Amino acid sequence: MSSDAHANARTPEEVVQYKDKMERDIYAAISKPNWKFWAALALAVTCVGIGAVSWATQIIRGLGVTGLMNPVGWGVYITDFVFWVGIAHSGTLISAILYLFRAKFRSRFNRAAEAMTIFAVLTAGLFPLIHLGRVWLFYWLLPYPNQRYLWVNFRSPLVWDVFAVSTYLTVSAVFWYVGLIPDLAIARRIKSGIQKKIYGIASLGWTGTFKEWQHYNQLYKFLAALATPLVLSVHSVVSWDFAMAVVYGWHTTIFAPYFVAGAIFSGCAMVITLMVPIRNIFSLEEYITIDDFEKLAKLLMFTGLVVSYAYMIELALAYYSGNVYEQQQFEYRLFGDYAWAYWTMILCNVISPLTLFYRPARRSLMFLWILSIPINIGMWFERFNIIVISLAKDFDPYAFGYYTPSIVEWGITIGSFGWFFMYFLIFTKTLPVLSVTELKEEVEH
Amino acid sequence: MEYRFDDKHSFMEKLEEVFKSGVKPNDVKMVLPHPDHDIEHLVEEYTPASKLKFFTLAGGLTGCFTGFAFPSFTVLDWPLITGGKPLLSWPAWVVIAFELTILLGALASFTGMLFLSKLPRFSKMLSPDEYGNQYVLITDE
Amino acid sequence: MKRRDFLKFVGMASSASILASCGVEKSSEKIIPYLVPPDVEDYIPGEAMYRNTVCTECSAGCGATAKIIEWNPIKLDGQAGHPLNDGALCMRGQASLVRLYHPNRLSNPRIRKGGALEDVSWDEAIKFVRDGLSKANSSGKKSVYLAGQTTGSLSTLLDSFASQSGVERLPAYEAFSHANLRRANSILFNINDIPGYKIDESDYLLSVGADLIETFLNPVSNSQQIYKARKGGHFTWVHVEPAISLTGYKADERKTVKPGGESSLLLFLLNYMVSNGLGKNALSSNLRDGLPSISMGQAASATGLSEDDLNHMAQAFAQAKHPLLIVGGSATSQDGGLSTAVLAGMIQWVSGMIGTTVDFNNAEGMNNVGSLLDIKNLADRLNGNQIGVAFIARTNPLATVPASMKLAESLGNAAMRVVMTDFDSELTEMADVILPLSNGMESWGDVAASTAVTSVMKPVVSKLYDTLSEGDILMKLMGQAEDYGTWLQSQWKDVLGVSDVDALIKKGYADTGYSAGNITMNANAAQSFVSGNKLTGAAAAGGVLYAVPSIRAFDGRSTDIPLTTEIPDPLSTVSYGNYVSVSEAANVGEVNPILKDYPVVSVEGKGASMELPAFVQPHMPENVATIQFHQLDKSMLTMDSNTGELITRVDGASVNATGRTTKLSALAGGFDQQHRQLIPKPGDHHHEGEFEIGQTLYPEIKYETYRWGMHIDLESCTGCEACVAACYIENNIPVTGEDQHLMGREMSWIRIQPYYNEDGTMDSLVMMCQQCGTAPCENVCPVYATYHNDEGLNVMVYNRCVGTRYCHNNCPYKVRRFNYFDWTDEGAWAEPMTRMLNPDVYVRPKGVMEKCTFCLHRIRSGKDFAKDENRDVRDGEIQVACQQACPTNAITFGNLKDKNSEVYKKSQMDKNFKVLELLGTNPAITYSTKANKEEHA
Amino acid sequence: MRNIVPILLFGFFATMSAALMGFGAYWDTFEHAEPQPIAFPHDTHAGKLGLECTHCHTSVEKSRFATVPAMSICMSCHENAQIDSPELDKLKEYWTNKEPVPWVRIHSMADHVYFSHKRHIKAGVECATCHGDMTVVKEVKKVRTFSMGFCVGCHRANNAPQECSTCHK
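Chains as they are written, first to last, in numbering that gives the first Met the number 0: chain A, 0 to 444; chain B, 0 to 140; chain C, 0 to 936; chain D, 0 to 168.
Just so you know, the hints here were simulated from the structure itself, not pulled from any lab data.
Values in this document were obtained by computation on a predicted structure and should not be read as measured data.
Hints are not guaranteed to be accurate.
Said to hold, decoys possible - Part of the chain A face toward chain D, derived, beta carbon under 7 Å:
(1) Q146
(2) R147
(3) Y148
Said to hold, decoys possible - For each label pair, taking beta carbons as the anchor points, the in silico distance ranges come out as:
(4) B:D128 / A:F366: 44 to 50 Å
(5) B:A57 / D:E125: 50 to 56 Å
(6) B:F67 / C:K701: 22 to 28 Å
(7) C:G231 / A:Y319: 47 to 53 Å
(8) C:P37 / D:L48: 23 to 29 Å
(9) A:I425 / B:W77: 42 to 48 Å
(10) D:A32 / B:W77: 31 to 37 Å
(11) C:T695 / A:Y143: 28 to 34 Å
(12) A:Y319 / C:D789: 38 to 44 Å
(13) D:G148 / C:Y42: 30 to 36 Å
(14) B:A57 / D:A17: 31 to 37 Å
(15) C:S106 / D:E125: 46 to 52 Å
(16) B:K23 / A:K297: 45 to 51 Å
(17) B:A57 / A:A27: 38 to 44 Å
To be verified - Capping the alpha-carbon separation at 20 Å, the derived lysine to aspartate or glutamate pairs in DMTMM-like fashion look like this:
(18) A:K20 / A:E443
(19) A:K196 / B:D128
(20) A:K210 / B:E12
(21) A:K195 / A:D24
(22) A:K210 / B:D76
(23) B:K23 / B:E44
(24) A:K103 / A:E440
(25) A:K210 / B:D26
(26) D:K121 / C:D871
(27) D:K61 / C:D867
(28) C:K230 / C:E252
(29) A:K20 / B:E129
(30) A:K190 / B:E129
(31) A:K210 / B:E39
(32) A:K210 / B:E43
Where a beta carbon is used, it is the ideal one built from N, C-alpha and C, also for glycine.
Let the sequences and hints guide you as you build the complete structure.
Written out as structure tokens, the structure is:
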């Protein structure tokens, strides 16, 4: 049965029953977890533990436990940061931009995608702290009145980052929560006991009166309108961390759109990575259809092509610039000591999405899910290439050097995945993974 | 008086009838299972639209102003030159102003929604009124 | 209590006796007052005092000045105005401060009892030695005393000890004894010594083999004189060598000669002068006739130089008013080296250098230095069980003599081995008695800087350990109650004719003057040498390996100082690890400097073989390889059986690829400019017509009184690394070690970057923080830890730094250094090395970025001083550490706002350039190069 | 509703008291006097006897360090000015044993700070500005935080340099 089923085909009683069924199906996931869930959660927590131990080591001994060196001052940590910020992108893209565009398939993914956004920003937000030489002084990055009479340097892209990322986290959280309020009210109605009380408090006493809906709709629209430029700005600001620098391979005007496209690309891949299993495990086939996934696949394909175009433009600009530093930088990316990383990226991000031109590939969930993994890996390498290779060979041949990540850096990276999935797993068992209110609204149309 | 409808259209008919009888939307209580544009349009013929936008505007303007004023204050408070740039290097402030516009705009909107909807409604948190998936109209009579 | 805490408590610090205990006191936060305030005229708590001493790292005898804060010497610099080294010290001299404070220094006497060494008191040790001496005497064995080069009063004392105790004083041992040179001089001029070379008075310098800038005799003095000569104009320097050396690159012309071809070149020059009747002194007809003739063609084929070159060289040499020929190094420490040296002496005579540019009145004073023949003789006597007590002081022949001498085995036959040294070595392992020597800075003494100048020293720091100076040990062995210092002062009065010892010490040296008499060439001896010896040998066939004394370790002695290994070699940029430099033609495999991957080669020669990584040295002649002397397997060394010269040329050496690679800590990620125009070549113009460099949207920054700036003259720079060592010591920069170097984590604030050019030249680019006017690093710091101050400095506020490393990434010069670890915790300042920390400079904790500050603390103290006098800082009043160390004044520092300052004038030269100027960073450092300067002159 | 109010109230008061305790601990660090090996009465010397600070802190005008007096300075008076006091007996005992008195440090600057007493004295800053009025207190107490804000506040008020490298080394 299709979720496109219109009320016209049903009697009013059937519509109400269908809405009730929808609630039951989706809220069925919020139940006592089975051992598989616990195993998955234990794995995630173990990864977090690995990350925590690694970070502790690093704090105690110093950043020397990483592979960072002269001239590569940023490595895996900043790569991870940009990667997670990128992942965070498609959440708001799906919920805000597609909302404004009235793309219907949005409502199948927006809840989980927004959750993914928040958890990914929470993860990403750790990395600027982790990569600090003196993390215990992180609060010096915040502009607050202090006895030292000191402020932060608002010209630094890192301070822009502080503002962009914290704004993004706050606004995404508000957006997500606002969308959740009516669904929490449904949970309050369905659940009993202590759960009822918790959902009751969380839903702020939402009743569903016309007035509430009126302001709610208005708010949702405004938030979507605010979040749309925000989502574009956040990754632009992140890209300016690099584009504002003098380093060749960083210092380029195409970075903002290039990074935004890359972020959406990796974000969509991550949504697929997460939603395919959720659809299976929670038996939501009825509400999330192959058609919906195909639309996501098209978005993936499109952003993949944008990213590929950016890769080509980078090379073309370097060639056309006549600038020896830039030319050598890109020659080094293609054929130098890091060629393995560059070609891994090309294979994952340029070649593999081309398969989506083939319709059956777009419609095979198994294939999409498998494809989403190399795209995630490829996007990680894209950031790695930009950050590390540009630094490894910049201006002065004497100062060239090769960076190899250390076990601590991998440990923290693993920890970040554990951190993200830990939150996501808890989310699937405590909150509705689909936006029930919106699905119900669609039934009427 | 409480009317319950499974069907949106019969609910709307009833609504129109009540409003035409001179009852103001503020005097009745309407409960919907989800937002609905048709109902919204109907009701807004008899009552003004949401004033939420003023909250958004106020928040956004505050953010924008702060975003330019605050960095300017800090560089004048302790002038330090970096990279040969003038102290008031306002192009860099644009990013800050933009982010603060969004941040305060969003937070003000959210606060506005809570304020206008009189949320959180503590009394209804633990003992809520539940109406299921039906359209409900409650009038005074 | 840490040293830096300790210094904070100044106010404090105790009378001299308490000082030592204070340094190790662990209780926290105490202020220890003096019992009685120190009665030292220039002592102000926390401020520096300066005391003259002598650098004892090698036997050159350079005058040094110790900067002392709170009784601890924290910096050694050349003594300004000293006749030998006027204000400069070499890299090893700068680093020798570490020798004083090194935790591994021998700290107390030890004697071997029942096979094991045990700590004893000095009285016990002295008694033990004296017992040994009398036992040896009674058993009819001769006791011997072998020392490193010994001059001045110590030599006198040693003689009286020898005669009193019946000990035979052996000729001093130096690995680089220049035996051939001295033998040639004694044949020709009857002087067993090496003259002083007055490079500054010459207008044409031909150096053959002598590594003037690296280690030859007085490298600092050589460099200074070359600088002076160049500044005077009309000076040409041609360096002829069979391999590659820093000296060669820094000469005006570098000519490659075939190994062994040096004598042919000299013979050709001599013939040219004699046959054309050039020169000031004619040779006797006998001698002239006896001189083998050599045609230009023969000379060209024997030397590998083109006929043009030979012709040009001969003409230029003959036409010069004050020519100077210096032969040494690889030219004389090879088979036939004596002939080369004799030919050189004859040329010096014929051309009239003797008495002008070759000055025997100011000679090296090496007449009591022996040669390997003496060591051979000693080994024979040891093997014959004829030796009782063997004293070995200040030298370690085991590390430097050819392995074939089996000296260690022979030494085992001595009845007792008494070793006087400051660090453990293979020698102390086999010693029966180890008498730890005090550092020069802890001792009284005098050293002959030349036969005409004696440098004097008085302790500038109280002893760190239970050590004695060699003089004191001798006094004790002689049973004298007097200490060496007292004896020395009376000696100075008697011998140097000094009445005021305090004034002498303040001056630092005594200008005794010396006359070698009227020197003429002994024509008979010359003739009999010419007729009795083959003057030119055939050039070596096959591969040749040269063991060259290293600018960083000399004969290996300076490897005791970790800093000398931390600082990379100026040619290969290798810091840690042994390596051999091979030619590109050797085809040993690919080098990847970015990955630090270097091919492993097997070097075979003289029946021995070594496996080690190869550095592919650009411009290295085919079939020639070099290795630093101390890294060579000593089995490959041989001795000239006639003169006892150490032969450092290994003939028939082969270098073969093994196919393997290894990591070598060569710090450079590239050895050429890769078309990046860091040092623009003539004709290079940055994007001419496209945009104007330095265009900016922003208003120009105004400076009130000061805009600190620097000018670096790359023509004068010799790449000697003295500035690097000075910077390390001055700024408390940690030594991080090989592992960190392999990871690319060296901490140097200033570095010498070699860039090899295709035309056979090499540029050394001195790279440090450029103190940019519009610095890329400043914009990106989120917390203002680095910013531009009103004196034009790019200030780094360590304690504000949170460690984002963004500034480092955004620095196009890559001169910022991040503290990946707390180097103090990692052992960089193991006690008592904390005492050498400069209290004016913060020891950076982990997680903090650091970089060159233009010696901000010196600027601060200079301004403080000026403020006390209510005036601005005068030009030249503030010297930064690298500038002070530079022997050739290549670095000028000062106020660019002052139009009369030296740095301003130099910064205005037309053809100056700034590194990476096209980025618009507007650096405060301007450079000038060789090519640029010529046009300017 | 009724459940939430006490929670909020509790949270508020808990936060406030934690903050107060924190401030208390902060103030405590510099209002606190350490017991010294000899209870040296500053009020007697600087107040009653009217000795200049420089009488004992001899370097304060010529060095960046004020210095605690050498024991010979104490003895220059106390050799003759005999007053019976157990504290003076301690001083004499130290002097006889040729041991310096291990005073406990009260005022200290962080390692990364360059501070010159000379400069401040020459600029006319009173000792009491930082150290408190020593003519009235018996024992040395830290009366100022010596935190950056304290330095900067004074520099701002007196138009002294605010250039970071003036003080940061």
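Results for each hint:
1. Q146: holds, 3 Å
2. R147: Holds, about 4 Å.
3. Y148: The hint holds - Y148 of chain A has a Cβ within 7 Å of chain D, the shortest such distance being about 5 Å.
4. B:D128 / A:F366: 44 to 50 Å: Between D128 of chain B and F366 of chain A, where Cβ atoms are some 48 Å apart, the hint holds.
5. B:A57 / D:E125: 50 to 56 Å: holds, 51 Å
6. B:F67 / C:K701: 22 to 28 Å: Cβ of F67 of chain B to Cβ of K701 of chain C: about 26 Å, so the range 22 to 28 Å holds.
7. C:G231 / A:Y319: 47 to 53 Å: holds, 51 Å
8. C:P37 / D:L48: 23 to 29 Å: holds, 27 Å
9. A:I425 / B:W77: 42 to 48 Å: Taking Cβ atoms as reference, I425 of chain A and W77 of chain B lie about 44 Å apart, which means the hint holds.
10. D:A32 / B:W77: 31 to 37 Å: holds, 34 Å
11. C:T695 / A:Y143: 28 to 34 Å: holds, 33 Å
12. A:Y319 / C:D789: 38 to 44 Å: holds, 42 Å
13. D:G148 / C:Y42: 30 to 36 Å: holds, 35 Å
14. B:A57 / D:A17: 31 to 37 Å: Holds, since A57 of chain B and A17 of chain D (Cβ atoms, about 34 Å apart) stay within the stated range.
15. C:S106 / D:E125: 46 to 52 Å: Holds, at about 49 Å.
16. B:K23 / A:K297: 45 to 51 Å: holds, 48 Å
17. B:A57 / A:A27: 38 to 44 Å: holds, 43 Å
18. A:K20 / A:E443: Satisfied, since the Cα-Cα distance of roughly 15 Å is no more than 20 Å.
19. A:K196 / B:D128: holds, 14 Å
20. A:K210 / B:E12: Measuring from Cα to Cα gives roughly 19 Å; hence the hint holds.
21. A:K195 / A:D24: Given that 20 Å is the threshold and the Cα spacing comes to 18 Å, the pair holds.
22. A:K210 / B:D76: violated, 47 Å
23. B:K23 / B:E44: holds, 11 Å
24. A:K103 / A:E440: Given pair K103 of chain A, E440 of chain A holds - Cα atoms ~11 Å apart, limit 20 Å.
25. A:K210 / B:D26: holds, 12 Å
26. D:K121 / C:D871: holds, 17 Å
27. D:K61 / C:D867: Measuring from Cα to Cα gives roughly 10 Å; hence the hint holds.
28. C:K230 / C:E252: Status holds; Cα separation ~17 Å.
29. A:K20 / B:E129: Holds - the C-alpha atoms of E129 of chain B and K20 of chain A are around 17 Å apart, at most 20 Å.
30. A:K190 / B:E129: OK: K190 of chain A and E129 of chain B at ~12 Å, within 20 Å.
31. A:K210 / B:E39: holds, 10 Å
32. A:K210 / B:E43: Given pair K210 of chain A, E43 of chain B holds - Cα atoms ~11 Å apart, limit 20 Å.
Violated hint: 22 only; the structure is consistent with all others.
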